[in-house]
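These protein sequence lines map, in sequence, to chains H and F.
Residue numbering for the first sequence follows my numbering, starting at 1 and increasing by one per position.
Residue numbering for the second sequence follows my numbering, starting at 1 and increasing by one per position.
The set of hints was computed from the structure by calculation and includes no laboratory data.
Glycine is no exception: its CB is placed at the ideal position from the N, C-alpha and C atoms.
There could be a bad hint or two in this list.
[Said to hold, decoys possible] Pairwise CB distance ranges, derived in the manner of DEER restraints:
(1) H:Glu167 - F:Arg297: 57 to 63 Å
(2) H:Glu169 - F:Lys106: 19 to 25 Å
(3) H:Gln7 - F:Glu169: 46 to 52 Å
(4) H:Glu261 - F:Lys37: 31 to 37 Å
Protein chains: 2
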Amino acid sequence: MSDFDIQAYLEAGRRRVDSALDRLLPPEAEQPANLHKAMRYSVFAGGKRLRPLLALAAAEAVGAQAESVLDEACSLELVHTYTLIHDDLPAMDNDDLRRGMPTSHKVFGEAVAILAGDALQTLGFSVLARAGSLNRHSPGRLIEVVGMLAGAAGSCGVIGGQVVDIESEGRQVSRETLAYIHANKTGKLIEAAVMLGAILGGAEPEQRQALSRYGQAIGLAFQITDDILDVTSTLERLGKTPGKDARSGKATYPGLLGMAEALRMQQQQLDLSLAALAEFNEKAEPLRHIARVMVHRSN
Amino acid sequence: MSDFDIQAYLEAGRRRVDSALDRLLPPEAEQPANLHKAMRYSVFAGGKRLRPLLALAAAEAVGAQAESVLDEACSLELVHTYTLIHDDLPAMDNDDLRRGMPTSHKVFGEAVAILAGDALQTLGFSVLARAGSLNRHSPGRLIEVVGMLAGAAGSCGVIGGQVVDIESEGRQVSRETLAYIHANKTGKLIEAAVMLGAILGGAEPEQRQALSRYGQAIGLAFQITDDILDVTSTLERLGKTPGKDARSGKATYPGLLGMAEALRMQQQQLDLSLAALAEFNEKAEPLRHIARVMVHRSN
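Given the sequences, and given the hints that come with them, work out the whole structure.
So this is what it looks like as structure tokens:
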């Protein structure tokens, strides 16, 4: 697998995910048109589709076809996009730009932005339920995934991380608080992405445990990388204002621990994620490559 | 059943629902405490628990024990409360009072209010998934309920109704637009409440169809009654500012059709709801009483 082309793999996956999202989102022409336009605007604002791609690769790692979990994997991107829209709101991070484009509330106004986020969360769960009515997966596995996704996205997951992040702004935070914010705000949904692919792909209990360790490690590696890029990158490459986190007093790994320690932790988590896959065969090669790409990206 | 005491029935049901909600919501002491406090504040701000009570009564009507759908019925109240928190936000209806108490953003600030709403929606789906992991219901029925609830709450349900409501403010709306707003913003979740009880209670196909007709009729009756009360009630009884809808230019049935026609439609929908239950035995008595109470309430 030394000639495995990860960039081609990711690009092909992204096209499949985008096409599935286009199919699963309500058409712009359908009433209420403005809401559906806002939902599509943010979903198609140029995301890397990391979470759905992780779900597809995890399903492949346990021997399933990526295609068999494609629609369900889109639920992760819908939920992720909703959290971005709400995070950007004036009452939260008050961001005007996201991925180089005006944020939802800048284009559609605050009311529609809030409601578009709400509706994207709901649609994430709709998509999973739809897989049940189409007999794509057993209801037992689907309801387990609903619970896992809701747990990851809820008050003790993504939303909890966002609350503590906002409460910590401009204050000196401990390493424990920073770890809590990152584990919840970013880590839980990345781990959930891996687990969605594992569960729907039919992973054995030991495989599930290993993939959970993999997901936790890359979740943390991803966030450390984000923090590092906030310091080292440029507006053009990042698609959002670099250095913003540091200036707004947000806690970051380089800010709290220094750049050298942040880079060391990043490598450590990458190693842990690869070690978790030790017992998997070559079908886990995409997961291994994704872990490496995630920490070596430039935006 | 002529001596059936509907008020005692509703009061006993409310206590069971409140106790279940208390058990299902994260404790205030659990991190992030402020978020969990905000979630509980709005859930326990004195709602009538109409939606969970409808689910319990619908389950009873098809021969199931109300207790068997109690936790699942709470998902309706969690989702309903989230929509109220977001509707009250400054960017939406900008309400300072709800059920006689300061609204969430007045107490906790806008950021936490938005996130508390988000987390309550997520928790609604968590609660349904939890019933699967506890084997309270078959996964097949639960995933069907997830899909039905998500459909009712989503962009072509509650959220769609709210968008069109906001877009219509201060403008002359047609009877069709008013019907769309009401059917979606209020009606869909009330119908979903009845159907949740029906599905999890094991309703036969014909029973489902009848209960769906019942749910649609009382959903509309409920909203017409709300509109009428907005004109005729007082601040003290209503717990929110009466006449506010009319002054803010919101479309209402009495405003669009006149009070006499609104009262006629209200009675018509009540009659339709009772007719839908014609084939049910005395176990549907609570559902019949709830329909009557809903249109004869004073707040």
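List of violated hint numbers, smallest to largest: 1
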